[in-house]
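**Q** These are the residues of each chain, in order.
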Amino acid sequence: MNGKRENRVEKIVSDLLRGRRLKLRGGDAEEKAAITTAARLAGVRQGPQRMQPAFRKRLARALEQPQGEGWVTRRAALVAGLGLAAGAAAGGFASRAFEPQPVHASDPIRPSNGRWIDVAAMGDLVEGQGKRVTAGGVGAFLFRHGDEVTAVSSICSHLPCELWWDGGHSHLVCPCHPATFAADGHPSDPYRHSALNKVYVRVVGGRVEVLGTE
Amino acid sequence: MTQDEVADQAQAEVVELPAASRATEIAVNELELVYAFIYARVGNRADAEDLTQQVALKAIPRLRQNAAASSIRGYLFATARSALGGFWSTRLGLSEAELREDLLPAPATDPPSEEGTETVQRILAELSDNYRRVLELRFLHGYSLKEVAKEMNSTVGAIKVMQLRALRAAAKVRPE
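Sequence lines, in order, name chains A and B. Read in order, the letters of the first sequence correspond to residues 0 to 213 in numbering that gives the first Met the number 0. Read in order, the letters of the second sequence correspond to residues 0 to 175 in numbering that gives the first Met the number 0.
In case anyone wonders, no lab produced these hints; they're calculated from the structure. All values derive from a computational prediction rather than experimental measurement. Backbone N, C-alpha and C define an ideal beta-carbon position, used for all residues, glycine too. Be a bit skeptical, because a hint or two may be false.
Said to hold, decoys possible - For the chain A half of the interface with chain B, some residues (derived, Cβ under 10 angstroms), not all of them: (1) Arg7; (2) Pro107; (3) Ser111; (4) Gly136.
To be verified - Calculated pairs, DSS-like style, for lysine-lysine (alpha carbon to alpha carbon, straight line, at most 27 angstroms): (5) A:Lys3 x B:Lys145; (6) B:Lys145 x A:Lys10; (7) B:Lys149 x A:Lys10; (8) A:Lys31 x B:Lys171; (9) B:Lys145 x A:Lys31; (10) A:Lys10 x A:Lys31; (11) A:Lys130 x B:Lys145; (12) A:Lys3 x B:Lys171; (13) B:Lys57 x A:Lys3; (14) A:Lys3 x A:Lys31; (15) A:Lys130 x A:Lys197; (16) A:Lys3 x B:Lys149; (17) A:Lys197 x A:Lys22; (18) A:Lys22 x B:Lys57; (19) A:Lys22 x A:Lys10; (20) B:Lys171 x A:Lys10; (21) A:Lys197 x A:Lys31; (22) A:Lys22 x A:Lys3.
Looking at chain B on its own, in the form it has when it is part of the complex (with noise of 0.2 angstroms):
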């Protein structure tokens, strides 16, 4: 058999199984979404490989059938924060219940990938002048500490000091 033949086999095997992987084909497609959902909240592509990988195994053989797509993701979703939460539990060393209930991940909304830029930007709107800046400048700009102290005409160890205030400060804040 030459490889197109087998390639036209394998096609013929995906074009005659449709209903056996309905749940599965939502999943996957899904899966995208929980992807964007946790990379909002690590920060980096491995981790937020892992996790997605974590997810998808976890999740998918579980799934019915016929359930709605609505629960698919609902399910997904309550699975992926299920993941972050033991994602930082592990690597801070901290128990689930001591990682205070606002530092593990709030509920998706819909869309959750979309939601991620503007929580952000409402919460540097709530910060200082400065604090919003150094944090702009870090991150969104990807400014490195001494660039950031001569845009703000400082020194690079008065900017960490800041950029850690900052941080404080904005892990206090509440986006509606």
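In isolation and in its complexed conformation, chain A is listed as follows (with noise of 0.2 angstroms):
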């Protein structure tokens, strides 16, 4: 934890009491014990909390997706009375109207005055684990296979915030929200959010470069 704890717990407090996500960094753990307290007192504050009309339509929204066998389908989340029936005469708008729609991201990024960027020698890369870097305005997560090197955009599909590399799971965690990306951009976690963006990437001469921007 970098600066004074106090300080740092502070920030953590003065955020939860404001309503606001909880925003932690790697240094935080060495106050799990006081964090996850402020957190329990902060959510206690209010007393019990109910689910706001708006998620409960999202939710809704979620349940409603064909997931595959198994999964609740669209006449058994109508049934569940989350509000679905008025969604289904109005073709889903009143859910879709409290989210934002979803982010394409599948694209590989392709900067219109891209150019490559030198960012890393191939022996900078440990097979199965992910390495960050940025090329100018793109920043990616590297991932050696053998002789070869995909890469992935570091930016979350869902939030805009930056991933870090979760070499115990071997996965990309977004410290927004639980989202979590598989190397190869896919979501591993069961929100489902779109792939990442892959980055152009190549090898020269046992040099990595990624198309970038100046």
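Both chains are given apart, each in its own frame, so use the hints to dock them into the complex.
**A** Quick look at the structure:
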């Protein structure tokens, strides 16, 4: 934890009391007990909470999505009384109105003024481990597969936050919400967000280059 | 077909299908309690909503339609505890094994949505007067640091340190 611990914990407390999302960083683990207690105290200050109508609609819509065999059907969600009857009549408009439109995040990043930027040596990359690099305005995680390298954007496809590589679980983690992505950019959690944008990458003479910007 | 007819048809569809979704219906009603349970542990709406959705998407599809209501509740809360463990593990950059067991949410009591306030009151009651006062003013009354300092006749810097120490002390209290 950088700086004085009491300052850092106060920042977290202050965010919680303003109703903000918990944004933590690596060093915060040293005060894990104080932080989890602060969250708990903040959580009871207004008594037991109920889901907001907009969230109920969003949840209903998420449950409504066909998720493969065994997943809740639209009919089941309708019966469950999550307010979808109106949504069915209006073509789902009501629930969509409360949620940002899905991010189209599967296209590779192709900057209009793109140029290949040298970001690392092949020797810097460890098989099975992500390495964060920047190529001008393009942030990416590199993954080595033998003599080849793949890359995905370092920005979460749902909230625009910088991902970090969790080597223990071998996935990319969003610090802003519980979203995780595999090395190929596909979501590895139940949220099923869009995949991360691919980033163009090539290996030239043992050096790794990413298509980035000046 | 008019909008009313479309709505009537949707309504008819709801009425005609009661048996198919009994477990889902129970689970969806329980989600209010799950949300309150999670909110009481993460302290903010955005994270509570994300985690509740995670629990719903993970648990509901796996329910057996003839499962007992108590089993459904138990499964939802087990899933919620697992999601909370994953949440803290991810946010703090620790493996779940590294999170001390007492930091992970305890098994839910019944009714789980109402135990939070009482538990916190019991925790605060175990603290020294100064520690209890600073946490009460800050968290329960919503005072700013400056206001707490004024109320307790102290400085902002000293209150910040006291707040951290009080939180550490509160974390050690084991409410019965």
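**Q** Check the structure against each numbered hint from earlier and tell me which ones fail, lowest number first.
**A** 2, 3, 4, 11, 13, 21
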